[in-house]
Structure formats: C-alpha cells, structure tokens
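With chain A fixed as given, assemble chain B with the ligands onto it according to the hints.
For the record, the sequence lines run as chains A and B. Quick note on this note's numbering: the first sequence kicks off at 1 and runs consecutively. Quick note on this note's numbering: the second sequence kicks off at 1001 and runs consecutively.
Incorrect hints may have been included.
Claimed, not checked - Each computed EDC-like pair below joins lysine to aspartate or glutamate, with the alpha-carbon atoms no more than 20 Å apart:
no. : chain 1 : residue 1 : chain 2 : residue 2
1   : A       : 218       : A       : 240
2   : A       : 110       : B       : 1397
3   : A       : 154       : B       : 1381
4   : A       : 218       : A       : 241
5   : B       : 1304      : B       : 1333
6   : A       : 154       : B       : 1357
7   : A       : 189       : A       : 245
8   : A       : 197       : A       : 241
9   : B       : 1277      : B       : 1340
Said to hold, decoys possible - Among the chain B residues that face chain A by a calculated CB cut under 10 Å, a handful are:
no. : residue
10  : 1394
11  : 1401
12  : 1409
Derived from the structure by calculation, the hints contain no laboratory data. C-beta: ideal position from N, C-alpha, C; glycine also.
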Amino acid sequence: MNEKKVIFAFKDIHIEVEGKEVVKGVSLEMREGEKHALMGPNGSGKSSLANALAGHPNYTITRGEAFINGKSLLEMDATERARAGLFLAFQYPLAIPGVTVANFLRSALKSKYNGDENILREFRKELNEKFQALDIDKVFATRYLNDGFSGGEKKRIEILQMAMLKPQVCLLDETDSGLDIDALRIVSKGINEFAPKDGAVLLVTHYQRMLNYVKPDKVHVMMAGQIVRSGGPELALQLEEQGYDWIEKEVMKAVEV
Amino acid sequence: MTTQTTILEKVKIGFRPLQPGEPDWIYRIRREAWDRYLEQPLPERVQNIWRYTAPESFLAKNIDALMNLYPVVPDGSNGKPYPVTPEYAAIGYNLDNRMTVTKMTPEISAKGVVFKDIYSALRENEGFAGRFLGKLVGASFGKFEALNLALWNTGFFLYIPDNTVIEKPILMNRHPGGQFTMGRLLVVVGRNSEATIIDDYAGECRLEDPAANSVVEIFVGDSSRVRYVNLQRLSSRCSSYITQRAQVEQNGSLYSIFGAMGSALSKVNAGTILNGKGADSRMYGVLFGDNGQHFDYHTMHHHKASESYSNIDFKVILKDKANSAYTGLIRIEKETANCEAYQENRNLLLNKGTRAESIPELEILADQVRCTHGATMGPIDPEMLFYLESRGVARVEAVKMIVGGFVEPTISQIPSDLQPVLRNLVLDKLGSEL
Ligand SMILES: Nc1ncnc2c1ncn2[C@@H]1O[C@H](COP(=O)(O)OP(=O)(O)OP(=O)(O)O)[C@@H](O)[C@H]1O
Ligand SMILES: [Mg+2]
Chain A
1 MNEKKVIFAF KDIHIEVEGK EVVKGVSLEM REGEKHALMG PNGSGKSSLA
51 NALAGHPNYT ITRGEAFING KSLLEMDATE RARAGLFLAF QYPLAIPGVT
101 VANFLRSALK SKYNGDENIL REFRKELNEK FQALDIDKVF ATRYLNDGFS
151 GGEKKRIEIL QMAMLKPQVC LLDETDSGLD IDALRIVSKG INEFAPKDGA
201 VLLVTHYQRM LNYVKPDKVH VMMAGQIVRS GGPELALQLE EQGYDWIEKE
251 VMKAVEV
Chain B
1001 MTTQTTILEK VKIGFRPLQP GEPDWIYRIR REAWDRYLEQ PLPERVQNIW
1051 RYTAPESFLA KNIDALMNLY PVVPDGSNGK PYPVTPEYAA IGYNLDNRMT
1101 VTKMTPEISA KGVVFKDIYS ALRENEGFAG RFLGKLVGAS FGKFEALNLA
1151 LWNTGFFLYI PDNTVIEKPI LMNRHPGGQF TMGRLLVVVG RNSEATIIDD
1201 YAGECRLEDP AANSVVEIFV GDSSRVRYVN LQRLSSRCSS YITQRAQVEQ
1251 NGSLYSIFGA MGSALSKVNA GTILNGKGAD SRMYGVLFGD NGQHFDYHTM
1301 HHHKASESYS NIDFKVILKD KANSAYTGLI RIEKETANCE AYQENRNLLL
1351 NKGTRAESIP ELEILADQVR CTHGATMGPI DPEMLFYLES RGVARVEAVK
1401 MIVGGFVEPT ISQIPSDLQP VLRNLVLDKL GSEL
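Isolated chain A, as found in the complex (with noise of 0.2 Å):
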C-alpha cells in the first residue's frame, strides 16, 4: 500500500505551442520521495511539457489541471510556481550577461523568499559547500551565469541552483546531455544529495547512464505528445537495448484495435 503523500500531479494536461497541439494528454502522479524518468524520441514532447508546466509564456496549457502540494499550479505566474516549489532544470540553459552567478543567486534567493535578508545569512558558506560538492571551480561564482560556459558546465550550474534554491519538485530537463563520465557521476551525485528527500524528482532523459545513478521509481515513455507507457526501472533498460520501435508497433496495435 502506497501511503506517501501525493506531492506533485498532473492531468490530462494538453500544450499548444505556435498554435500546434504538442502535447495531448498527458496525466502523472509523483509522491514524497520519488524519482520518476521521462523518455521519448525527440521532438516528442518532454520539454514543451516541463517548460508548459513551469509557466514558459509561449507554451499555453488549453486544458488539464496540475498541482504541487496540493496547491493548483495553472493559475499561478512562473515567479509563483517557482516560490510553490517547482524547479526547472533547462535543457538548454540561456546566459544571462552581467549577472554573476553568486549575485544571481543572491538576488533569486532574496526574491524568492520576498526580500528576506536572513536567508542569506549562511549564503558563503553553502555556496562554497555546493560548489565543491559539484565539484565546480570557484571563479564561476564570479563568471556571467552562463555567459560563454561549455554545455556541461551549463549543467552543472543547473544542479547548483537546485541545491541553492532548494524547490520541492525538480523538472530536470536532460541535465545529462552534455556532461563528460566523470561529471556525469559528481552531477548524479548532487541530484541525489540536493533533490529534496521529502519532494519529487522528475527526470528527462534520453539515455540509461544517468539512471545507474539516479534510481527511478518510475519510468515514462512519451511519444507524439502522450505518455504511452509507464513501468518501473527495467522499462528505460529495455529502451537503451531495443531503443522506441517496439514501443511504437503495441501502440499502433493498440490503436487498430
């Protein structure tokens, strides 16, 4: 019997993008605690539905519900689903020129929790901490948030702000591509250790490695703007062998039927 609580859900969520329906339904349950992966073919949905859910302006929600916590997360701003606790790590992070990110992070945790200074009592200390945890090199601290940083260390930065703005639900959008072997250890690490342990993680990925580090719970397929099938960990094993083809023909088979 499952008894944890329900922490962050989703239903019959429908994503128009450009006036094209990109997602069609899609529906999800994440408890206290759970890991869940999200897979699919490219162009098939997983980031309009991570950047939709997350308030991206140009990715309009037309039908569905979603809430975190409990808390209906549909009528709420980006800057309010991100104060309700959801996190989105981006699949292709943007620099922001002129920003430091030790300012950035100051700055996002002070308005976050709405110009609370004594947030930031400890703020040194931990970001000195994290960033040896992600084993990030401390000038970044003083570089341009993502102004010029290499694709994984665009990653890195990610799972740093997650450790730093510590959200209860984590929209981790192929946080893997990108990252070199090693770094694809140390990042899995953080997740593990950052990801809050009383939230839910949801991870998008195209590829098994990650998930020798980072158990999932769950695993979901999306094609064509539907989850067309979920399973426990050995479904993302059977993918990374067969890859989607399979998937894709009981689909079809079920569909003729």
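Same frame as chain A, but now just chain B with the ligands:
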C-alpha cells in the same frame, strides 16, 4: 531660416565692450570667436552628426542676457562650507553662474598641482594656460563651440605636473542653476602622471534657454594615465550641449566615461586624438533615457600615430518614449601602422515607443589596422525573463537584473570607486514601477 537668424544677429548684436579687469588677449579671442559664431550658419542636417537633433535647440533665446554673463569671479574667501571630503583630492564648484570655488588637499597643492577657476587661471598665467585655450575646441570647430569661446563665463583649469600621481579623484560640480551656463574645462597633464577627473553636471534650469553649453579640452602628456568621467544628470527640463576633445601623446592613455541620465535633450560630441605612438583611448558610455528624453551622442577616435589603440563601448537604455542617436567616427590616418580601433554600441529598448539609431563612420586610410564595430538594439529577451522568473525572481527584480547585467560589463571597466555611482544611477532611473 538659417541665414535669417545669422543676419539678424549680425545686425543687432555687436560684441560687448571690454570688461574691467579682463586681459586684452582674452577679449581679442572672444571677439574673434563671436565673429566666427555670427558667420557660421546653423549646421546643416545632412551630416550624421546633426541628422538627429535640431541645431536651433541650442541657440540662446536671449543673447543680450548672455552678453552680460561676465566671467564668474571666484568666491575666494576661505572658510566657506565647501570642504574637500576624504574621497577626493580636490573639489571645485560652479554654482548658478554666481561663484566658483576650488579646494585642494595640501598634499596635492604641495605637488604643484594647479586647480583654479578658468578665468583666474588664464588671467594669471597667459603664458601657460593661454597656450591651450581653444586649441582642441576653437572657434572654427562649430557654431556653438564658437559661441562658447566668445561668451564662456565659468569653468575650471587643472594642471598636473610631470611625474605626479593623484590617487583620489578630482571632482568638479557644475550646477548651471537658473541661467544658461557657458562653461569651459581645460585640463593639462604633464608626462608620466596620473589623475581621475569627475565632471558632474547636475541641477535645475529654466525652460526658455538651453542650460549648458560646455567645452572640455584635455591634454594628456607622454605616458600619463588620465580618467575623465562626465556625469550628466541635469533636471529633465534642461537641454545640454557638451563638446569634449582630448589629445593623447606617446604611450599616454585616456579613459573617458560618459554617464547620461538627465536633460530633456542632451547632445554630446566627445573625441580623442591619438597623437603619439602607442596612445590609448577608451570610451565607455552608460546612457539611460526615459519619458521623452533625447540623447544624441557622437564619438570620435582620430588615430594620427602608429600603434595607437582605441575602444568604445556605449550602452544605451531607453524606456517610455525616449530616443537616442549614437554616431561613432573612427579615422585612421594613412601614415600610421598597426593601429587598433574598436567600437561597440548596444541599445536596450525597454518598451515600444522608444527609438535608437546607431551609426558607425569609418575613415580608414591606413593599410595595417585592426578595426571592428558592432551595434545591437532590441527589447529584453523574454527567454531571459522566463529563466529568472523560473527561479522565483519577481518580474520587477528580473528586469532590474537584466538591465543591470546589460550595463555591468561596461561599468566593470571603469575605476572601481566610481562603479557604485553609475550602478545606482541606472537603478534609480529604472525606478520601482516598470
Ligand atoms: N517554441 C517552439 N516553437 C515552435 N515549435 C516548438 C517550440 N517548442 C517546441 N516545439 C515543437 O514541439 C514539439 C515538441 O518539442 P519538444 O522540445 O517538447 O520535444 P522533446 O521531447 O523535448 O525533444 P528532444 O528530446 O529533442 O529534446 C516539436 O515538434 C517541436 O518542434
Ligand atoms: Mg527536449
């Protein structure tokens, strides 16, 4: 219209008589400049430099009153409440065309630094100060520059001898007050010396006349390092016209920083002549316009010597219905070798209704040069806003961060003691309601 104004002035207005105490040679320069002012037609609007601003805006409506603006005699008395605060090496005040006060710390006067109101400096030191007056911005420079040379009535003279390092900045407060101010700043720096000059225009003005017509001339000697900061934060009723020229000799360097926040209309023409081998000039601009403000900034880098280096980084932020025109001339003479000249102008348009122009003008006559220029203009990237908001940052804060970030790479290039001043000016201007 153009010729009409000129003829009218010529017929009606003879130059004022010699003023008691005014040296002949100064009077002569004034009269000649006055003739040049009357002769020159208003600038035609065809060249880029006048394409974006009506020259009429800078004509004095009341020439008679101007004629009677005699040079401000320095206050002179000690014990006035204008101390040199610890952050500065010297402070000068121009107040309301009524008085000029200059104060130096004993340390820098002991080094032989001369810092005076310009009238006294010229009167007392024709042989030296007089050699430099009008040499970079003289009567043939342009109509309004001729007007200034004819009728200047206030300003400062600063001389820094050879091998003299002044660590703290020298601050000049310029408050036009109610009247049209014709100011001149003349700076002469010897060899192998170092100084930072803050030229700060602030205050209120009357509606009917332009607030300020200011000319700045800076001479940088061999291997000297000078930083010149021009802050323009006049009230939003003013219009201001500033012409600045500097000449940098061998291995000397000049960093010029322009912070423009004020005036309804602000036209600045700033230029550096790289006159000696290895001369180095950098210009940084942080301009922020709101309401209906109009900025018209022209920069010029004139490479006359080999291995000279110039770099321009101008950032413009506009909101409401503000607009800006930036034109930047780079001229590299034929007989030079290995000059480098860079120019970048970025414009951030915070809302529709703002307008920016950016025009590079390259006159590159030499063969061996490195030269790049670039301009961008556009609104805040909505993806950037989303990125910050997705971290829990409120919209207003996110805009502040992005605007702050936009100017930060420029601000971080200027002397560190001045950085907070410019940062705060930008944030103040941004305000709380967006
Ligand atoms: N901003 C946008 N404008 C236009 N089309 C978009 C936009 N964002 C996504 N799409 C389209 O929506 C569909 C889903 O894209 P999405 O990025 O969500 O896929 P994905 O599953 O994340 O793919 P990948 O694995 O390659 O990252 C694609 O057809 C894509 O072209
Ligand atoms: Mg994607």
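We went through each hint and held it up to the structure:
no. : hint              : verdict
1   : 218/A <-> 240/A   : 15 Å, holds
2   : 110/A <-> 1397/B  : 10 Å, holds
3   : 154/A <-> 1381/B  : 19 Å, holds
4   : 218/A <-> 241/A   : 18 Å, holds
5   : 1304/B <-> 1333/B : 6 Å, holds
6   : 154/A <-> 1357/B  : 35 Å, violated
7   : 189/A <-> 245/A   : 32 Å, violated
8   : 197/A <-> 241/A   : 31 Å, violated
9   : 1277/B <-> 1340/B : 12 Å, holds
10  : 1394              : 5 Å, holds
11  : 1401              : 5 Å, holds
12  : 1409              : 5 Å, holds
This entry does not satisfy hints 6, 7 and 8, going by the numbered hints stated previously.
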